Amino acid sequence: MKYLELTVGAALVYNFVLSRFLGICPFLGVSKRLDTALGMSGAVIFVMTLASGATALVYRYLLRFTAGGAIYDLGFLQILLFILIIAALVQLIEIVLQKSSPKLYQALGIYLPLITTNCAVLGAATINAQSGRSVLDATIFGCFSGVGFALALLLFASLREKLELASPPKAMEGTPIALVTAGILAMAFSGFAGLC
Amino acid sequence: MMLCAVDPGQVLMAVALMTGAGLLLGAVIGLVARLFRVEGDSRVDLVTELLPGANCGGCGKAGCRDFAKSVVAGENPPGKCPVSTREQASAIALALGVEVGEVVPKKAVVRCSGTLFTSDRVAYYSGILKCSSAMLVGGGPKVCRYGCLGMGDCARKCPFGAIEIVNNLAVVHEELCVGCGSCAAVCPRGVIAIVPAASAVHVYCNSPEKGAEKRKVCRSACLGCGKCVRKDPEKFELTASLARVKYSAPEVPDAAEVEAVGCPTGALTTIGAHYQAIRKGGTEK
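First to last, the sequence lines map onto chains Z and C. Numbering follows the numbering used here, with no gaps: position 22 of the first sequence is 7. The number in the numbering used here is simply the position in the second sequence, starting from 1, with 641 added.
The shape of chain C in the complex, shown without the other chains (with noise of 0.2 Å):
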C-alpha cells in the first residue's frame, strides 16, 4: 500500500483552481476598482498626514481627517488646529499654499480652588463617582452650586490625560493641556474655562454669589473685594462678586502682579501656586 495516495491529477487541479481562482479575483478586483474609481483629494490624505492626529474634536469637526478636509476645502485654517504647534501648522498651510491663520494656543483651567478641606458640603455623598451622576442628586454634595465637584468626568474625558484630581478638586496641568475643550463641555458645573494660554495667572472661583455667602461655605473662595482690580482695572474686571482676569487685554498679569495685590484669600494666584497649594490641602485665609 502506498503510504502516500496523491492522485497527480487532483494536484495539478487544486494547483490549477487557486491559481485561476486568484488571478479571476484580481482581475475583477482590479477591473472593478477603475471603474469605480473615486477621484479623492490626495491633499486631505496629505495635510491629515501632517495633523497630530489626536482625534480630539478641539477644532469642532469630528477628527483630523474630517478637519483636513474643511481645511483642503479653504472652510477652516490650519491654524484653527488646538494640538498643532506653529512648526505644524506652518507647514500644512506651506502645503497647501494658504495663509496659517490665527493661532491662539489655549489652555483649560478649572476656575475652583475649594477642596474637601477648604470647602463645605451638604451631604456625604456615596453614589456612583461621576460628577454628572452626583449632579442629579440634589445637585452634588457641594454646598457651592458653582464649584468643582471634583469626581473627574473632565478628567476621564481627556484625551491627554492632563487633569489630575488632587484632594477633591480638578486640576489642569498646562504642560500637557492642549485646550481641545473637551473637558469644558462634560463638565456638568461649567467651572472650566477655556482661555489664552499666554495668562499663567487666574482667579479659582467661579461663584457669582455674595461675598459674604461664599465666605460661609469655601474658605477660598473669591470675595468680590475688588483689591485686584483697584490695583490694575487694566488686567482685572469685576463682575456681580467675582474677579476676573481680563484675558482679552493686551497684557496679562504675571506672578509679580498677583504679589503685588495680595489677595485676601488667594484665590487669585498663579498656575503653579495654585497646583501647591491644593497639594497641600488648600488655601485657608
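Isolated chain Z, as found in the complex (with noise of 0.2 Å):
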C-alpha cells in the first residue's frame, strides 16, 4: 500500500503539475513542441530522482542529530540546504555528462540549468522531509514525482501542438488558451482522486 502511494499515488493522485500546482513555469515554457517537452521531461526525471535522495539522506543525517548529549534540530534551515544542495547536484551532473556522455549532455544540457532552482524539485524534498520517508522511500516518490511532471508535460505539449491548428478568437490565442486547457487538463487527473 505504501508502494502504491510512493508510485501512483505520486504520478497521478498528486500529480506536480495538475494538482499540487508545482512547476507551472516549465509546464507553460516548454511545452510548445513535443520534442522539448520530451528532453525537459527526461531532465527533471532524472534531476528529481537524485535530488530526492540526496535531500533525503541530508534531512535524515544532517539536520537532526546529537552531538555531546544535546539534541540540535537545524529543521528551519531545510530550505535553504535543500536549494544548495540541488543547485550543486544539478551543476555536478552538467560537468559530469558533459565530459562522460556528450550525447545525453546535448539531448537534456539546455534544460539542465532550468531545473536548478525549479520549484517541482524543491517540492518533492520538502514533502519528503514532512513525512520524514527514508533515503529510499524518497528516490522512488522523486522519480515517480518526475514521471507525473513529465506524463503532464507531453500530455499538454501534445495538446498544444493540435492547439496550433484552431482558430480560437484573437484574445484567447497563445498563452490564455494555453491555461484553459491547462485548467481542463488539471479537472480530469482530478478523477484520480482517492485512488489511494
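Bear in mind the hints are in silico, worked out from the structure with no lab data behind them. A portion of the hints provided could be inaccurate.
As the list claims (entries may be wrong) - Selected chain Z positions facing chain C (in silico; Cβ < 7 Å):
id, residue
1, R18
2, V81
3, L150
4, L170
Since the structure is predicted, the reported quantities are computational estimates derived from the model, not experimental observations. C-beta: ideal position from N, C-alpha, C; glycine also.
The task is to assemble the complex, starting from two chains supplied on their own in separate frames and drawing on the hints.
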C-alpha cells in the first residue's frame, strides 16, 4: 500500500503539475513542441530522482542529530540547505555529463540549468521531509513525481501542438487558451482523487 | 519567560552547518570541474559572439553556435552567414585568420502579383487560415495552381518580420529581408525564390501555363509574350510562357529597363512599384 502511494500516488493522484500546481513555469514554457517537452521531461525525472535521494540523506543525517548529549534540530534550515544541494547537484551532473556522455548532454544540456531552482524539485524534497520518508522511499517518490511531471508535460505539449491548428478568438490566442486547456487537464486529473 | 528563546549552541551549529555545506559543495564542484574539464574551443565562443545571433538557419546549420563551430572547423567561410554584413564577416575572418568567402547578399521575392482583386478563386475558403491547411482542400481557393495563397505561412515564419500580407498577397520588404530562406521553405506552393539582392526588378508571376490560360484567371500574370526578352535577351529569359530575370547575368536590369520594356500586364516591375500596386489592389491592365 505504501508503495502504491509512492508510485501511482506521486505520478497520478497527487500529480505535481496538475494537482499540487508546482513547476507551472516549465509546464507552460517548454510545452510548445513535443520534442522540447521530451527533453525537459527526461531532465526532470533524472534530477528529481537524484535530488530527492540526496536531500533525504541530508535531512535524515545532518538536520537532526545529537552531539555531546545535546539534540540539535536544524529543521528551519531545510529550504536553504535543500536549494544549495539541488543547485550543486545539478551543476555536478552537468559537468559530469558533458565529459562522460556528450550525447546525453546534448539532449538534456539546455534544460538542466532550468531545473536548478525549479519549485517542483524543491517541492519533492520538502514533501519527503515533511512525511519523514526513508532515503529509499524518498528516491522512489522523487522518481515517480518526475514521471508524473513528464506525463503532464507530454500530454499538454501534444494538446498544444493540436491547438496550433485551431483558430480561437484573437484575445484567446497563445497563452490564454493554453491556460484554459491546462485547467481542463487538471480537472480531468482530479478524477484520480481517492485512488490511494 | 524569555521572548526570544534562542539557544546559542543551535545558532552556532546552524552557522557551522551552512558554512560547512557551502564550502564542501563548492570544493566538490571545483574538484569535479577540474577532473571532468572538457577542452572547449574558445574560438567558437568568439565567433558566436561576432555572429548576429538571429538563429535563422539561413546558413543551413542549426543556429548560430552550430555555424560558429563549422566556421572554426573550416567547413564554412564566415561569409556564408546571410544575416552578417560584410564588416561582421570580415571581423570573424580576421579573428580566425581565414578567407571571408563569397558574400552574395540575397533577398526573398514572392513571385506572384495576383491579389484578391486581380486573380480569380475557385471557391470561398473559410477553413483554418494557413496556406498549408488551404492546400489540403483541393489545392487551395485560387484558380491559379502556382500563385501565392496569401494566408501568411511565410509571414509567420519570418524571424525578421519582413513579410507583409497586402490584399491577400505576401510581399517581402527588402529592407528587412536578409535572405535566410525560412519563408521559401514553408511556402507550400514554392512561390518564394531566394535571389541575389542586386536585382531590384522581378517578374511577379510563377505560373508556367500558357499565356491565354493564365489571362483567364489572373489579370496580372506574365503572358509570356517575350517583349522583355526581345528587348534585352542578356537580362531576361523565357521558359514555358514565363519570363524571368536572369539573376546570374553579369548585369541585372534596373527601373529604367522596366520602363523601356513596358510589360503589358505589369508582371515585370520594380520592387517598389510592385508594392505600391499591390497596396492599391493590384495591377490590372
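Quick check on V81/Z please, does its C-beta sit within 7 Å of some C-beta on chain C? It holds, given that the least Cβ distance between V81/Z and chain C is near 6 Å, below 7 Å.
Holds or violated: L170/Z as interface residue toward chain C, Cβ cutoff 7 Å? violated, 23 Å
L150/Z as an interface hint toward chain C, with CB separation required under 7 Å: Check passed: Cβ of L150/Z comes within 6 Å of chain C, closer than 7 Å.
Quick one, is the R18/Z hint okay against chain C at 7 Å, beta carbons? violated, 14 Å
Checked against the numbered hints above, the structure violates hints 1, 4; every other hint is satisfied.
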